[in-house]
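Next come the chains, spelled out residue by residue.
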Amino acid sequence: MATYSTNEFRSGLKILLDGDPCVVLENEFVKPGKGQAFNRVRIRNLKTGRVNEKTFKSGESVDAADVVETDMQYLYYDGEFWHFMVPDTYEQYAADANVVADAKDWLKEQDLSQVTLWNGQPLLVSPPNFVELKIVETDPGVRGDTATGGQKPAKLETGAIVRVPLFIEEGEVIRVDTRTGAYVSRVK
Amino acid sequence: MPTSPASSDTPGWRPAASLKTLRLRARLLAETRGFFAARGLLEVETPQLSAAAATDLHLESLAARSPGGELSGWLHTSPEFPMKRLLAAGSGDIWQLARVFRGAERGRRHNPEFSLLEWYRVGWNAATLMDEVESLLRVLAEGRVELAAAQRLSYREAFARHAGLDPFEAGAAELAGALTARGVALPPGLEDDLPACLDLALAVLVEPALDPSTPVFVYDFPVSHAALARIRPGEPPVAERFELFLGGMELANGFHELGDPAEQQARFEAELALRRTRGLVAPPMDRRMLAGLAAGLPDCAGVALGFDRLVMILAGASHIDEVLAFPWGDA
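Line order of the protein sequences matches chains A and B.
Each residue of the first sequence is one higher than the one before, starting from 1 at the first, in our numbering.
Each residue of the second sequence is one higher than the one before, starting from 1 at the first, in our numbering.
Just chain A, same shape as in the assembly (with noise of 0.2 Å):
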């Protein structure tokens, strides 16, 4: 198995730590004058999504964890299973409920997401940051109140509930952020 040493540790880097992948976030050097050298590291943990610090002496090494990112296109949920392929090479894979996460308000067939694997299997699913997205239920529409700053809630195709202005109707796609899961556009 590859290992890194924390002399090679940098933001984005992936170890095995317990067990668990996990990411490197920062890597801080500390070296009291003559004494011992340390990695202090901000680590997060890609199963829990926690994120801790964590002190190694500098120069030692930890395994590198398998994980891969890759864009998959989203299939279909099959009332277990959320379905991905590779675009390219057809491959399929199923990400459950703990995978997916709130990814799952995002997820529109066809549409692409980040979908990360660990030894081969599906660790996340990160929708890209902005979505479009069909608005299925709301209140009617306010005509001309662009200027009020008024919201109202309104349910989307995938089922998310998102907070839009008062003059959008049912029917329209909206741009979503999916970090904030914020509206952002009325998409034309």
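If you're looking for bench data, these hints aren't it; they were derived computationally from the structure.
The structure displayed is predicted, hence computed values, not measured ones.
All C-beta atoms, glycine included, are put in the ideal place defined by N, C-alpha and C.
Please note that the accuracy of each hint is not assured.
What the hints assert, rightly or not - Selected chain A positions facing chain B (in silico; Cβ < 7 Å):
hint, residue
1, Phe-29
2, Gly-33
3, Gln-36
4, Lys-57
Chain B: place on chain A using the hints.
Using the frame of chain A, we list chain B on its own:
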């Protein structure tokens, strides 16, 4: 008409530091030179390339070798050994700004090649030298950065205050407990390395707790951290060593210099033995420096100050690259 379109594989060539910072650096250097000239210290230059090297467990000397192998030596990690030979030869007070090299040290406050301002005062001790370090800081900070009055804190007080333990009494388990209580798990392999546990506690518990705008001198280190300092007998015995912290960084390290050649050689040998035990390179100890001590090193105190870090503080920089024209990776 010149036709040399920049291609995408043209390496970056521009300096990392701004020209404004480089001008500040040049002025600080001139003022430093003025400071020592006015006080009558002799400016000296000693070799960067030497047949011997530091034996410190945690200093990595870079080996230098000509392609055919006719010349093989080490780049110095500090100019301490040849400066002590000058002192033994009767040079009197001396100073220099040396470019030094330490392998595997790279980060926000580290570049493997850096500038060390090192000086020695004959007949002085740690306390008087701390006064002079503070004077230099005041001269250079004048009109640039507001500095609070310097504090002096023994190593023991610093740990009592900021780590809640006695560094002369605590074992690795107690240190591990104090670190864990602050969310720092002890890295593997440290359980039976008490000096390294103290280093970690100093770096993550004590140093961040010190006010960044106050120069803080920490003095009287445990004998495990004596390095090249004299040991003052007592209960417990302490190493007459000090470190200066400012701007959240360690800025200087000073000693009341060990002059006893037998003890110095014993320390070199102990460090080399530990290096071999740990599978580290064991470079040759500096026997010429030992010969100088045997001939007689005058009673003296010496200090090494990280000049790049001082420029960082006075330039308001948060990364060492901001004060270096071409840091490693760009050099």
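Consistency of the hints with the structure:
1. Because the beta carbon of Phe-29 of chain A sits about 3 Å from the nearest beta carbon in chain B, less than 7 Å, this interface hint is met.
2. Interface hint status for Gly-33 of chain A: upheld, as the beta-carbon distance to the closest one in chain B is roughly 5 Å, under 7 Å.
3. For Gln-36 of chain A, the suggested interface contact is upheld, since its CB lies about 4 Å from the closest CB of chain B, less than 7 Å.
4. Using the Cβ-Cβ criterion of 7 Å, the hint placing Lys-57 of chain A at the interface with chain B is satisfied: the shortest such distance is roughly 5 Å.
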